[in-house]
Structures are given as structure tokens and as C-alpha cells.
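**Student:** Sequence:
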Amino acid sequence: MSIDTRPHTAVQIQLNGMGDLVWHAQYLRCIAEQSRDGQITLIAPPTAMARDLIGHEPWLREVVDFDRRPRRVERRRGRHSGLPGLMRLGAELAPSRFDRMIMFSDHPGRTVIVCWRAGIRQRIGYGATWLQRLMLSKTPWIDFYDGPDVRSYHEATRFAITQGFCDAPIVPRISVRPDAVARMSERLAGLPRPLYALAIGSSEPCKQWGAANFSALATLLIESGGGVFLTGGPLEAELAEEILGGIPAELRGRALAVTDGSAADTVAAMSLATVCIGNDTGATNIAAGVCTPSWVLLGPRPPLPHDPEMLKLLQAPQLADIQPAEVVRQVLASMAAPLATHDPLSRP
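For the sequence shown, position 164 (counting from the first letter as 1) is numbered 164 according to my numbering, and the numbering increases by one without interruption.
To be clear, the hints were calculated from the coordinates, so they are not data collected in a lab.
Glycine included, every Cβ here is placed at the ideal spot set by N, Cα and C.
Treat the hints with care, as some may be off.
[To be verified] Here are the computed distance ranges between Cβ atoms for each label pair:
no.	residue 1	residue 2	range
1	R97	P178	15 to 25 Å
2	S96	G225	46 to 56 Å
3	G246	G119	52 to 62 Å
4	S81	F144	18 to 28 Å
[Unchecked claim] When the alpha-carbon atoms are kept at most 20 Å apart in a straight line, the in silico DMTMM-like pairs for lysine to aspartate or glutamate are as follows:
no.	residue 1	residue 2
5	K138	D99
6	K207	E238
7	K207	D321
8	K138	E155
9	K138	D106
10	K207	E242
11	K207	E326
12	K207	D149
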């Protein structure tokens, strides 16, 4: 029996959103292929929902929460906040005896402290500044992205290619849990087709298109013959009810709010939708990640160019300038063109 000499690997992702995790998922898989047992341990913020989104993947050994900055609504101090918290996380990782920590982070200093406490000697990161190069193990470095787009996917891609984890950019894709597909298929069965997912959540007020716009959009989509479901988390439950209340009563039975499921259920629901339309949020990136055409109400925010086939950007000088009727016109026109079919259960 041969001994697996590949390094025992932990990977840390700094960014805390579900969409951020979707952007990184394929690069994580590539790292796992070069790691012991073909697996990695992922260190990620709880808000990335890594267990729900990729916890079923065979290349993922374990998810460890890096609980440093809880959301404000939680009103608590993170378990790994401050120097004592970093030392605590290091102590939690130490028994695993990792050979290396790979950091998708533009501020790796805290994770370097964790590595020191955990006894992880090889610390691989961007090395984009002189200070990072002092803290990290000497490997090929990258420069920070300095262009018009959202930077994190560009930097993750540069890093993965420079380190030899892959040889070209990879379009973000995730797979779907079959059990979640079964649950959501049953839940959405009563809605007409085509089925439109409206991603109503937002991490910041400046990304929120608003209840009145979503009500008008849902009404127009239903009048065109489709069904609509509103997707979000528990924090969006009140907003979802407001949106449903803005749909004419005679059409309201063709719409459904889905704000009480898990992130895995969101992935499954998006794989069942014909089209997703929504705020610049994790759900719209999840939809594209399962090959459902996804229209992002972006307004004046930086472009997301990494998946032009599935991720459609609705841009304007101000988010409020985007009108529901124009969104419907563009979406219906795109649906009239041939679209590639996709299998939501297939692995990338």
C-alpha cells in the first residue's frame, strides 16, 4: 500500500458571503486534488454557509468556522475575535497537524497567528505587499487586482493559477444536494412554469431594489404566464410578505415566499428555476453557479464578469433607475433565444 505524500491541507477564505464561496468553490476542489486523501479542511466565516453549500462534496473533509465578525444583528462577540480568539482557533486546529494553510485573503495576518498557534509551518498566501511576504512562506506572489470589476474572483484566480492549482480561470460552479432537490421540487410543484426566482435579500441597503419594484416585477412575470417564488433567509420574511401583498389578489396564488429553508434548499430551488432575477446577493450567484440564467440588479456597482453566459448584469447610474417593465422585457427576450440545458445534479 503506497503512502499518500500529498500535504495535509487547510484552506482559509476571508470573505464572508455565500456568493464569495461560490466563486472560490472550484479552486478549492483543485487544491483538494493536490492534497492528502484528495480532501481539504475549509476555514470559513459562518455566514458563508459552507456546510450547506459544499459540505456534501467528496473533496471536503471538514468545515471549521472562523467566527471572528458575526453579523451586527446577532449582537454577540465572535468566538475567534481578538488575539485570544485567534489563539483559541489555533488550539482547535492544532490536533489535526496540518502541513499547510492556503489563504484566500488580502489580510492574512490574523490567520498567520492562527497558524503559529496550530503549528502549521507552511503558510501560502497572496504576498501582494512587503508585509505579507514577511509573514508568509516564500512561494510565487501575486499583485492585487486593480481594475473596474469586483476584485475577489480575479485575485482568487490569479492566486490559484500562480500556485499551480489550475492552469486557467474556472467559471464558478457548485453541485446540488439530491435530498434538497426532492424537498424543493415538492414545495414548488404547484407554481406555473416558467418558474422565476426573485432573490430579494441584500447585505447592504444600497443593494436593495425595494419591495415595490419586486411586487411590480412579480406581477408582470405572472401576467406573462409564469410562476414566481421569492427566495431569502429569515431576515427577509417580512420583506417577502410585503412583496406578496403588492401583487394583485387574483394573481397572488401564483407566487410563493421561500424564506425558511436552508442554504442547501436555496441552491436546490435555484436549480429548479427557469430564470433568477435579484439583488446583488449570494442567491443570484448561486443561481448562476447551478447553471440557471441569473439577472443581477447591479445598478452602479462594479461588474461581475466571471460568468457571462449565466450571469446577466442590469446596470444603471442608480439602482432605482432600473424599471420592472424593462427587466421583464430583457428577460423574456433572452428566453426566446436558445438556452443550453443543464442537469442540476451533475458535478462540475
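**Student:** Against this structure, judge whether each hint is valid.
**Tutor:** A quick look at each hint next to the structure:
1. Our hint of 15 to 25 Å for R97 and P178 is violated, since their Cβ atoms are close to 34 Å apart.
2. Range check, S96 to G225: Cβ separation about 54 Å, and the 46 to 56 Å hint holds.
3. G246 and G119 have their C-beta atoms about 57 Å apart, which keeps the hinted 52 to 62 Å range intact.
4. Remark: the range hint 18 to 28 Å for S81 to F144 is upheld by a beta-carbon distance near 26 Å.
5. At most 20 Å may separate the alpha-carbon atoms for a hinted pair to count; K138 and D99 meet this at roughly 15 Å.
6. Restraint check: the Cα-Cα separation between K207 and E238 comes to about 17 Å, which is no more than 20 Å; the hinted pair holds.
7. The straight-line distance between the Cα atoms of K207 and D321 is roughly 13 Å, inside the 20 Å bound, and the hint therefore holds.
8. In summary, the hint linking K138 to E155 is supported, as the alpha carbons are separated by about 18 Å, within the 20 Å threshold.
9. Straight-line distance between C-alpha atoms of K138 and D106 comes to about 16 Å, which keeps the hinted pair within the 20 Å bound.
10. Between K207 and E242 the alpha-carbon distance is near 18 Å, which keeps this suggested pair within the 20 Å criterion.
11. For a cut-off of 20 Å, the pair hint linking K207 to E326 stands: about 18 Å separates their Cα positions.
12. This hinted pair checks out: K207 and D149 have alpha carbons roughly 16 Å apart, not beyond 20 Å.
Violated hints amount to a single one, hint 1; each of the other numbered hints is respected by the structure.
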